[in-house]
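Visitor: Assemble the complex: chain A is given as a structure, and chain B must be docked to it using the hints.
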Amino acid sequence: MTGSGKSGNNFPLEASTPTGTAPLESILCTEELHRRPSGPPNYEKENRALVKLVSTLADSPATVLQMLAETILEITQCDSAGLSLLTKDGKTPDVCGQRFYWPAIAGMWNPHAGGGTPRNFGPCGDVLDQNRTLLFRHFERRYPYLQPVAPAAEECLLVPFYVAGEAVGTIWAIMHSDRRKFDAEDDRVMASLGKFASSAYQALMHIEDLKFQVSRREKAEAEVRELARGLEAKIRRLVEANVVGIVMWNLEGAISGANEAFLRMVQYEREDLSSGCVRWTDLTPVEWRRYDDGAIADLKATGIFQPYEKEYFRKDGSRLPVLLGGALLEGDGNEGVAFVLDLTEQKRQESARLYSEERYRVVVETASDAVVSIDDEGSIVFANPATATIFGYEPAELAGKPLTLLVPEYMRELHQAGFKRYLATGQRHMNWQGTELTALRKNGEEFPVEVSFGEITRDGHKTFTGFLRDISKRKQAEQALRRSEEFLAEAQHLSHTGSFSWRVATDEITWSEQLYRIYEIESSVPVTLELICTRVHPEDLTLYEKMVEEARNGGNDFEWHYRLLMPDHSIKYMHALAHATRDQDGRLEYIAAVQDVTARKLVEEARDKARSELTHVARVTSLGTLTASIAHELNQPLSGIVTNASTCMRMLATDPPNVDGARETARRTIRDGNRASEMITRLRALFSKKSATTQSLDLNEATREVIALSLSELQKNRVILRPELAHDLPLVTGDRVQLQQVILNLLRNASDAMSTIDDRPRDLMIRTEPDDNDRVRLSVSDVGIGFEPQAAGKLFDAFYTTKNGGMGIGLSVSRSIIERHYGRLWVMPNNGPGVTFSFSIPCRPEGLADAETPANRTDLSADAA
Amino acid sequence: MELPKARGGGDRPLLSVVDDDESVRESLPDLLREFGFAARAFSSAEEFLSSDCLDQTSCLILDIAMPGMSGPQLQRELKRRGQEIPIIFITASTDKTVPPRLLEQGAIECLFKPFSDTALLEAVNSALHPR
Chain A
53 MTGSGKSGNN
63 FPLEASTPTG
73 TAPLESILCT
83 EELHRRPSGP
93 PNYEKENRAL
103 VKLVSTLADS
113 PATVLQMLAE
123 TILEITQCDS
133 AGLSLLTKDG
143 KTPDVCGQRF
153 YWPAIAGMWN
163 PHAGGGTPRN
173 FGPCGDVLDQ
183 NRTLLFRHFE
193 RRYPYLQPVA
203 PAAEECLLVP
213 FYVAGEAVGT
223 IWAIMHSDRR
233 KFDAEDDRVM
243 ASLGKFASSA
253 YQALMHIEDL
263 KFQVSRREKA
273 EAEVRELARG
283 LEAKIRRLVE
293 ANVVGIVMWN
303 LEGAISGANE
313 AFLRMVQYER
323 EDLSSGCVRW
333 TDLTPVEWRR
343 YDDGAIADLK
353 ATGIFQPYEK
363 EYFRKDGSRL
373 PVLLGGALLE
383 GDGNEGVAFV
393 LDLTEQKRQE
403 SARLYSEERY
413 RVVVETASDA
423 VVSIDDEGSI
433 VFANPATATI
443 FGYEPAELAG
453 KPLTLLVPEY
463 MRELHQAGFK
473 RYLATGQRHM
483 NWQGTELTAL
493 RKNGEEFPVE
503 VSFGEITRDG
513 HKTFTGFLRD
523 ISKRKQAEQA
533 LRRSEEFLAE
543 AQHLSHTGSF
553 SWRVATDEIT
563 WSEQLYRIYE
573 IESSVPVTLE
583 LICTRVHPED
593 LTLYEKMVEE
603 ARNGGNDFEW
613 HYRLLMPDHS
623 IKYMHALAHA
633 TRDQDGRLEY
643 IAAVQDVTAR
653 KLVEEARDKA
663 RSELTHVARV
673 TSLGTLTASI
683 AHELNQPLSG
693 IVTNASTCMR
703 MLATDPPNVD
713 GARETARRTI
723 RDGNRASEMI
733 TRLRALFSKK
743 SATTQSLDLN
753 EATREVIALS
763 LSELQKNRVI
773 LRPELAHDLP
783 LVTGDRVQLQ
793 QVILNLLRNA
803 SDAMSTIDDR
813 PRDLMIRTEP
823 DDNDRVRLSV
833 SDVGIGFEPQ
843 AAGKLFDAFY
853 TTKNGGMGIG
863 LSVSRSIIER
873 HYGRLWVMPN
883 NGPGVTFSFS
893 IPCRPEGLAD
903 AETPANRTDL
913 SADAA
Chain B
815 MELPKARGGG
825 DRPLLSVVDD
835 DESVRESLPD
845 LLREFGFAAR
855 AFSSAEEFLS
865 SDCLDQTSCL
875 ILDIAMPGMS
885 GPQLQRELKR
895 RGQEIPIIFI
905 TASTDKTVPP
915 RLLEQGAIEC
925 LFKPFSDTAL
935 LEAVNSALHP
945 R
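Just so you know, the protein sequences line up as chains A and B, in that order.
Residues in the first sequence are numbered consecutively from 53, following our numbering.
Residues in the second sequence are numbered consecutively from 815, following our numbering.
Heads up, a few of these hints could be off.
Listed below are several chain A residues computed to face chain B (Cβ distance under 7 Å; list not exhaustive) [to be verified]: (1) S244; (2) A683; (3) P689; (4) T695; (5) N696; (6) R702; (7) R720.
Counterexamples of contact, computed for chain B against chain A with all Cβ distances above 10 Å [what the hints assert, rightly or not]: (8) L842; (9) E861; (10) D866; (11) E891; (12) S907; (13) K927; (14) P928; (15) E936.
These are calculated hints, taken from the structure and not from any lab test.
For every residue, glycine included, the Cβ atom is placed at its ideal position computed from N, Cα and C.
Isolated chain A (complex conformation):
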């Protein structure tokens, strides 16, 4: 709501002329005033009004502007009348303001009091600019912000008024209808009232000024009061806080008062003080009195004395270092106040500092490194005793000599130039901490030194102190070490073997160059377990993490095979052997060799493939032999059966039938049928018995051998083997090789059952334990795919298999081997995933060796040649 409203703050601030609005001339009709007929002046009414205004100004200046507006309204008989005053803040008159505000309005526009118009774009501004009365008609046509100010102004008569020759505002009268029109008489009256407005404004400004001065003085007084109150409080707090001693005294030596802090310092009681026997002159040791005399002279001359250090006697006679400062009180010039600071702590620190300096001196004197100081000219100002040992110069001999004496001839210019540049620009020509340089001994020998130095600035002069360490021995050792490291690196490179150390507590890992090369990682990259993870083959990550976990807790040597997946998707096969050691603090560290066995692995894989093909051929061959022998053994009785049956039929076909003969042949047919059946039984026995040898054996040992044989295959299948072999396992009697075949078979089955498991570690547990009734039990648990409950009964049948690629013969063979050992082989599903196969065999089976000796074996090969 531009230009109106009680708030008084909604001034249009835009002073430029909006395009498309009416030109100023089109809304002015001032000239008409004198052409219009006008009524006679009513001087009586006018005088009455003026008297009222003047008395208002005297009695109640605050309401004079409103009274003026009402007077205009009354005399001109217009619809609205008011004042516009220049202002800055929209509330108070100010001749420097860039807008007008309406402090008072009478009539229909009264609700708009407080509103206003811009200085440079509005009717009031036009009046001040032209410095004369103007009559406007529908001024909102040019000044659109006046459009919302209702009711609209048909005509507006505006008169400027001035204070001390400066235009400060306008008074105005408005007609909202054509009920009457302003004329020359209105012009005269308004001009007259304008003069009054000027006086009223001046009076108002004077009042404002008075108000302002009064308030400023009040504020200043309040501040002074506050300051005084604060100061007083501060002094009182200082005295009461007893942080510093405060003492009242006179020039004659008496102490008239003191706070607790002072009494505490000098260890006197308040009673001692009041008795008057404590005098500051007595408290002061004789050698300090001349300082007191100086202070008293100052006091007499200037009324104060500068703080100075001195000592007091305590009551017990000990001395107290203090800082003393004070002033005479106003008055007769005899009494004063002083503050006393206890310097005991400062003195103690100072002494400590002196001690520390002494200590540094001792360090420098006894150091095995040469310590040399030079001034900003480069001349030696100090050298410690070690300088003689290292350089061959006595310290005294070096004093005043240039530092360059200690460096080889060809280096001197360089040093001097660098030194000068530093002094001039602050730019260092080398590292100041641990730089290796070549130095020169008195005997002309050059040798490597490690130099560290620093600077001190004192009184605008710089002093440089350097520590020079003879590192010729270390250099030799380093060279030897570097040579042997080069050997090692070459050896590692040749053998594709890297090495690393791993401090378990801090996870600090150091790799050899070759290991970086194998992992194909920049040798500047710090090694972390996480970094290694990014290279380990995703399928080996679980194994890796488990390995790390175990190594962390274990502290045993370990060995493992794993794969790396390189950024180019190639795979590297790694073989790591780690040795656990402990440092002098007992912290675990692994030193390990890691070999890239990819090439060997590929050869092995090719060989394994060839071997498995060979095994297959062998299996097929032996199956052929087996089939042939089974056929041979069975064909004998079958032949008898067929022949007998044929004979039987022929005998029955004769006339008369040979019934007796037929009966005999039928009987033999039956007998041969039974014989065939027996033959099958015997063949099965033959098949599972081979050549058994029995011996007393340690099942744990047999198991370990099998584990050793299978380990690489298990690792290849990423199986984590957990052997839990009982310590107190009794010996068993049996065929070692056959039992090992059973164990091997169980391990392979377990491994195969987990070949598709990728969402959990492929854990394989193999356990031995004593069983009831003098038996021993071995169990193999996997976390594999398991089997359907209905399949459990068929698992051990020959030729039954759940595996696509398997023969299924293994479990039935295993069971017959175990049964031959008078044992039992069974399977149970685990609580979690997978199954557990177990067998239990007696420790001392009776007559094992002879119990099932095969029947006379038929020679199957004694012919056909």
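Guide: The following block gives chain B in isolation, referenced to the frame of chain A:
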């Protein structure tokens, strides 16, 4: 069926069976007799050689695989002695490579056990009436 004459006298030709398998020794002679031949059985090559039947045997039905002297060894021994007895080999083996070698050596036929009565009769007839 026209029955062949015995080689060494008698009405009916004598067929000797040599097999270590008892069921064959029991069953085969009965069948041969049903065919109308005379038949004798021997449990080994040695027993046959030491018998008095060598001259009278018109056809020898001989097992290949036997303990001691095998069928083929007996064949060679008879040849060595000049005893040209027609031989029909019988075998429980399934090895198909064996018969051709034996037929090459002069055998009439080689029958795989179990064989049918007609196959046997055909072989015996070929032995007794060579073409």
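Visitor: Now tell me if each hint is right for this structure.
Guide: Against the structure, the hints come out as follows:
1. S244: Violated - the Cβ of A/S244 stays beyond 7 Å from chain B, reaching only about 153 Å at its closest.
2. A683: holds (5 Å)
3. P689: Holds, because the Cβ-Cβ distance from A/P689 to chain B comes to roughly 6 Å (cut-off 7 Å).
4. T695: holds (4 Å)
5. N696: Since chain B brings a Cβ to about 4 Å from A/N696, closer than 7 Å, the hint holds.
6. R702: holds (4 Å)
7. R720: Check passed: Cβ of A/R720 comes within 6 Å of chain B, closer than 7 Å.
8. L842: Violated, because the least Cβ-Cβ distance between B/L842 and chain A comes to about 6 Å, which does not exceed 10 Å.
9. E861: holds (17 Å)
10. D866: holds (26 Å)
11. E891: holds (14 Å)
12. S907: violated (5 Å)
13. K927: violated (3 Å)
14. P928: Check fails; 4 Å does not lie beyond 10 Å.
15. E936: holds (14 Å)
Checked against the numbered hints above, the structure breaks hints 1, 8, 12, 13 and 14 and satisfies the rest.
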